[in-house]
Amino acid sequence: MLAMPTTTINLLPPDLLAQLERLELVTRKVFRGRLKGERRSKRKGQSVEFADFRAYVPGDDLRSIDWNLYARLDKLIVKLFLEEEDLHFYVLIDDSRSMDFGEPTKFEYAKQLAAALGFIGLVRADRVRIETLGQGLRQHGPVLRGRKSVWRMIDYLNSIKPGDSVPLAEGIKNFCLRNTGRGVVVLVSDLMDKSGYEAGLRYLVAQRMDVYVIHLLSQEEFDPDVKGDLKLVDCEDHDVAEISVSAPLLARYQRALNAFTSGAQEFCSRRGMNYLLAGNQTPVKDLISNYLRRRGLVR
Amino acid sequence: MTEWFRNTLSGWQWALLMLVPPAIIALYFLKLRRLPLEVPSTYLWKRSIDDLHVNSLWQRLRQNLLMFLQLLLVVLAIVALLRPGWQGSRLAGQRFILLIDNSASMSATDIDGGSSRLDEAKQLAEGLVDQMDSGMSAMIISFAEKPRVVQEFTSNRRLLRERLASIQPTARGTDLAGALELANTLAAAGKSARAGSDDEAAAAEPPPPTAYILSDGRFEDVEGVAVDHLKLAYVPVGSFDAPNLAITALSTRRNEERPEGQQAFVQVANFTEKPQKAVIELTLDGRFLDAAELRVPAGETSGRVFPLPTGAVGALSARLKYRLDSTTRDSLPQDDIGYAALNDTGTGDVLVVTPGDAALELALSTQRAARLAKIAVVSPATLESAEYRRDAENGAYDLIIYDQCVPAQMPRSNTVFVGRLPSASTWRQSHDANDNIDEEGNEEHAGAALVVAPQIIDWDRASPLLANVELGDVEIADSLVVRPPPGGTVLIETTAGPIAAIAPRENYQDAVLGFEIVGRDAAGAATANTNWPIKPAYPTFWLNVLEYSAAPSERHESSAIRPGRPVQLRAPAKVERLTVVAPDGRETTVDRSDQGTFPFTGTDQPGVYQVRQGAAVTDRFAVDLFDRAESDVSVRPTQDPESQTVRPADVRIGHVNVAATTDRAPSRHEIWKVLLACALFVLVLEWYIYNRRVYL
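Residue numbers (the working numbering), protein chains in the order written: chain A, 1 to 299; chain B, 1001 to 1696.
Quick caveat, the hints were computed from the structure, so don't treat them as lab data.
Incorrect hints may appear among the rest.
Unchecked claim - Cross-link-like lysine to aspartate or glutamate pairs, in silico, EDC-like; alpha carbons within 20 Å at most:
1) B:Lys1231 x B:Asp1650
2) B:Lys1046 x A:Glu198
3) A:Lys194 x B:Asp1650
4) A:Lys227 x B:Asp1650
5) A:Lys161 x A:Asp237
6) A:Lys227 x A:Glu242
7) A:Lys194 x A:Glu242
8) B:Lys1046 x A:Asp229
9) B:Lys1046 x A:Asp15
10) B:Lys1046 x A:Glu242
11) A:Lys194 x A:Glu236
12) A:Lys194 x A:Asp239
To be verified - Sample of chain A residues facing chain B (criterion: CB under 7 Å; computed from the structure):
13) Lys194
14) Asp234
15) Tyr253
On a predicted model such as this, the values are computed, not experimentally measured, just so you know.
We put the beta carbon where it would ideally sit given N, CA and C, even for glycine.
Same shape as in the complex, but just chain A (with noise of 0.2 Å):
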């Protein structure tokens, strides 16, 4: 590798890159890649790697039909092949300046997430696309493509900085009006919406995408480390809260976002989605390599 930018250390330190460099994207799903990839896809196709027979029926192409076999048993044999593809990968950032909380804020290690991702869909030439929810309409991010792109993703993913909060039904809304294809798509997000973020999944549902959802939380907000009388003011609306903190209090936290956690996983895998309720002091290293492996997303 040349010369990097500083930041890329922060976002794909070498060791990382040495680990992700074995790793591959994986769906589970069966989607139509537009340019042959290196991907064996479960589509039949063509390829060198024989994949089944199955009986000729009017409209195969004939340059598929086993000559071999119709000399031997004089029927017509169509051979199989696999099918070799690339993979459309999608990473969405959630930019709300709720993201923007924490050590490492929740944002950078989104950024990190998706850089080590799309590292992974690169180097396995696939199609890495990484957006964020507070994106235009007509605003897209950069289509990425092989190894070589590695620079301009790390260059993309620098460049954006939380911004105006887009409620995340609308964003996701969005993300998929913008990307009408198929594929994967790993949406990072806290899923703090007031307004609920059942709504923004639905679209994904419906775009039939392979959904993966890292809920990111910082550590702030699974141990909220406060005292005393407060006013608490949300970043994005200004809305207030006042508390008097105690010991039920904080319970009462405890359960909430227990609740919270849990009603979005059970939202997620009711409707096929891949739920991973990541914090933000887990290094991003161990989560790609042990629970993420584990759901299946890399391999």
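Place chain B on chain A using the hints.
Leaving out everything else, chain B in the frame of chain A:
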């Protein structure tokens, strides 16, 4: 009358105090500014708070917990300031005298919880003090054998309580009369002082002060005491059933069978209602000596004699060890021990005043005599010297032998007169009374009858002086007839009448031999008056004399000293200062008084006291609580004719019957201390919650 609260603050102080709760509430209503904190989202918090709003009243209370705690603190403080209490009745009158018995019986621990009667009495007195309103004053007098003003009239309750706590138990007897007289005098003095200072007050005639007698009633009815300036109230302390066994006597005396040895006599009294078995353990200077089991019938005494080793010297103590039964304990442990002093009987000081009597001097010069006594021989001329007079007056000698001479004044010591009658009038009066003998003879023999050649008929073999003395073959040329005064004993009886006798004089014994051993004729030459000196009985007699009369321990043998009583100590003339070592090791220096004795008064502690001259222990004496009245600790009961219940007996003081107030002295139980403790706890809790934010 029950009074729940007592005011302690004035109006403006209350007003100030009452401003505090509204101030606290106001501070809470001027709601504290909450600290703004930006968070990623209030999404989860809102949901949590929504949850909490369900029971909002309780939540609000919880949020204001600190305020409620502070209010509770203030309320507790206010209630404490109101001095809540109950079972108290207002004390009537203006002045009180608390007469607190601290005699030996008040050390009995028959009060529930094992505290002593004195503690109980002090507690009752404190209850009375607590009830005093401002403007009331009280005086505290403690009394045992002598009354003592513990605290003059004062309205300072704190001071009264302090002084009350300073009253210590004593081992003395009880003399209520003295205490009442003192209280009466002081009450009268207070009254006259008031009358003198303010005419109007005198016209109003303040009621006489009430004297509360806090005692167990272990005293005789008080007679002949005027208590016209006092109103009396008797508060009995103690229980009817206070089982106690006591040592009521421990004395040492010469062993009757073996005159050279001593024996100790221990008497145990049983003040319970059942026969008791007790073990008496005798120790000498802390070393075990002997022990014996003794059965004591209910309500009676029984004694036991212990032989003591020959020549034993030191502090003898007898300890009573017994078990009543598993539940009851001995109420008064102080009287389970008795003390006696065993003094060195080895050498007494003996003065022989003789014009020259070889037989006498020879008899007293034996080795054994030297072991028994230090013997000094002087001539009759010495009787006139100032030195002799002083020594005789001080009791410097244990025994003085006057051979053919008579002192002008009887000395303070045992005496033996040889051939003369003592100058004490009793010897001569007794003679006059039985006078049937002609009045002849010279001046020295005035009043005495001289008989010639009396034949000895009999002698008192039981007398220690004549122990082992055989007089059957003794012949006497002439002798005076010796008739002892009342109380005396004839030692030798002859055909012509008694010629030797012994009689007590104060604490001393005077022995008189009517015949001279060695007489003198008109020319002054020595003549033998009797053949006794050549008989073996002669030196034996003088040794008996030395053993019986010259032993210095005889002085204290008769009586044990009661605690608190003064002791007159004696010492040879040259000694000007004595040191008395109390049983606890405390040393007191005693100087010679004008009377020539050493008065020692610090005998509060039972035990054996040592008297030292320099470093040498010269004498010991024992102080003992041998008082049946104090040891019989049960409160005297009486049958109430109306209710048929047993209650403490009344006491008679003068001509007044003072009823025992069975329903205890009006004592007020106050809980302000508990309230303040609660307030303190609330304060700590509030601080904790404030710091830890742990709500409930």
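Now for the hints, and whether the structure bears them out:
For the suggested pair Lys1231 (chain B) and Asp1650 (chain B), the alpha carbons sit about 15 Å apart, so the restraint of at most 20 Å is met. As the CA atoms of Lys1046 (chain B) and Glu198 (chain A) are separated by approximately 19 Å, the hinted pair is consistent with the 20 Å bound. As the CA atoms of Lys194 (chain A) and Asp1650 (chain B) are separated by approximately 89 Å, the hinted pair breaks the 20 Å bound. Between the alpha carbons of Lys227 (chain A) and Asp1650 (chain B) the distance comes to roughly 71 Å, so the proposed pair goes past 20 Å and is violated.
Using a Cα cut-off of 20 Å, the hinted pair Lys161 (chain A) and Asp237 (chain A) holds, with the two alpha carbons roughly 18 Å apart. Between the alpha carbons of Lys227 (chain A) and Glu242 (chain A) the distance comes to roughly 12 Å, so the proposed pair stays at or under 20 Å and holds. Straight-line distance between C-alpha atoms of Lys194 (chain A) and Glu242 (chain A) comes to about 17 Å, which keeps the hinted pair within the 20 Å bound. For the hint pairing Lys1046 (chain B) with Asp229 (chain A), the CA-to-CA distance comes to about 15 Å; that is within 20 Å, so the pair holds.
Distance restraint check for Lys1046 (chain B) and Asp15 (chain A): the Cα-Cα separation of roughly 42 Å exceeds the 20 Å cut-off, and the hinted pair is therefore not satisfied. A hinted pair counts as satisfied when its Cα atoms are at most 20 Å apart, and Lys1046 (chain B) with Glu242 (chain A) qualifies at roughly 9 Å. Simply put, Lys194 (chain A) and Glu236 (chain A) have alpha-carbon atoms about 10 Å apart, close enough for the 20 Å limit, and the pair holds. Only pairs whose Cα atoms come within 20 Å are accepted, and Lys194 (chain A) paired with Asp239 (chain A) is accepted, the gap being roughly 11 Å.
The interface hint given for Lys194 (chain A) holds, since its Cβ lies 6 Å from the closest Cβ of chain B, which is under the 7 Å cut-off. Restraint check, Asp234 (chain A) versus chain B: the minimum CB separation of about 4 Å is within 7 Å; hint holds. A least Cβ separation of about 4 Å between Tyr253 (chain A) and chain B falls short of the 7 Å threshold, and the interface hint therefore holds.
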